[in-house]
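Novice: All chains should be modelled from the sequences, with the hints used to inform the complete structure.
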Amino acid sequence: GQSLEQPSEVTAVEGAIVQINCTYQTSGFYGLSWYQQHDGGAPTFLSYNALDGLEETGRFSSFLSRSDSYGYLLLQELQMKDSASYFCAVTNNLFFGTGTRLTVIP
Amino acid sequence: DAGVIQSPRHEVTEMGQEVTLRCKPISGHDYLFWYRQTMMRGLELLIYFNNNVPIDDSGMPEDRFSAKMPNASFSTLKIQPSEPRDSAVYFCASRQGIQPQHFGDGTRLSIL
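Residue numbers (this note's numbering), protein chains in the order written: chain A, 1 to 106; chain B, 1001 to 1112.
Please keep in mind that the hints were generated in silico from the structure rather than gathered at the bench.
There could be a bad hint or two in this list.
[Said to hold, decoys possible] Mimicking SDA-like on lysine to any residue, the simulated pairs with C-alpha atoms at most 20 Å apart in a straight line are:
1) B/LYS1068 <-> A/LEU94
2) B/LYS1024 <-> A/GLY41
3) A/LYS81 <-> B/ASP1105
4) B/LYS1024 <-> A/PHE45
5) B/LYS1024 <-> B/THR1076
6) B/LYS1078 <-> B/LEU1046
Specialist: In structure tokens form, the structure reads like this:
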């Protein structure tokens, strides 16, 4: 079967750094993806890790350790507009985690 | 690029009625996905197609749900008869090969 675990909520201060973790259990692993979803909006792609290590895209970075079945999304220099839900996904995005609601406070 | 287009954006109907949701994927994308999102169950994959052929429909909740993709530019998700527990946001997404998925804006469905 497939399962992904993420924290349900995270709160962080504007300008700070926040890390959102994802642990997964899956058959047939092709990589870990991250999506952002604002309230009332659609999920939008942020980052993808097929191999171990860190991928950086501007203020966002994503890390994967396949041996630990673990990854995280790192958001730096937080802005108020980063308040949203963040989802990890596996198996070519067929399965999504339950999402982490990030609230950025002034 | 117009993105994935879903219609209608909102649908309110009475239980027992037939509901049809529509999706136009991005041109050239060979995969199409239907998801359902609720607070309780999160984002669930219902069915996906590759080159218009259904590959995995194990996520379709029951026989009341059906999906078709008659050509590369159009897909429908039908619920007949609808029930209040079907109320959710339904997303369509498409992608090319192993590239990231692009989601439509979703259809917010309310069954009274």
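Novice: Provide an ascending list of the numbers of those earlier hints which the structure does not satisfy.
Specialist: Hint check: nothing fails, all pass.
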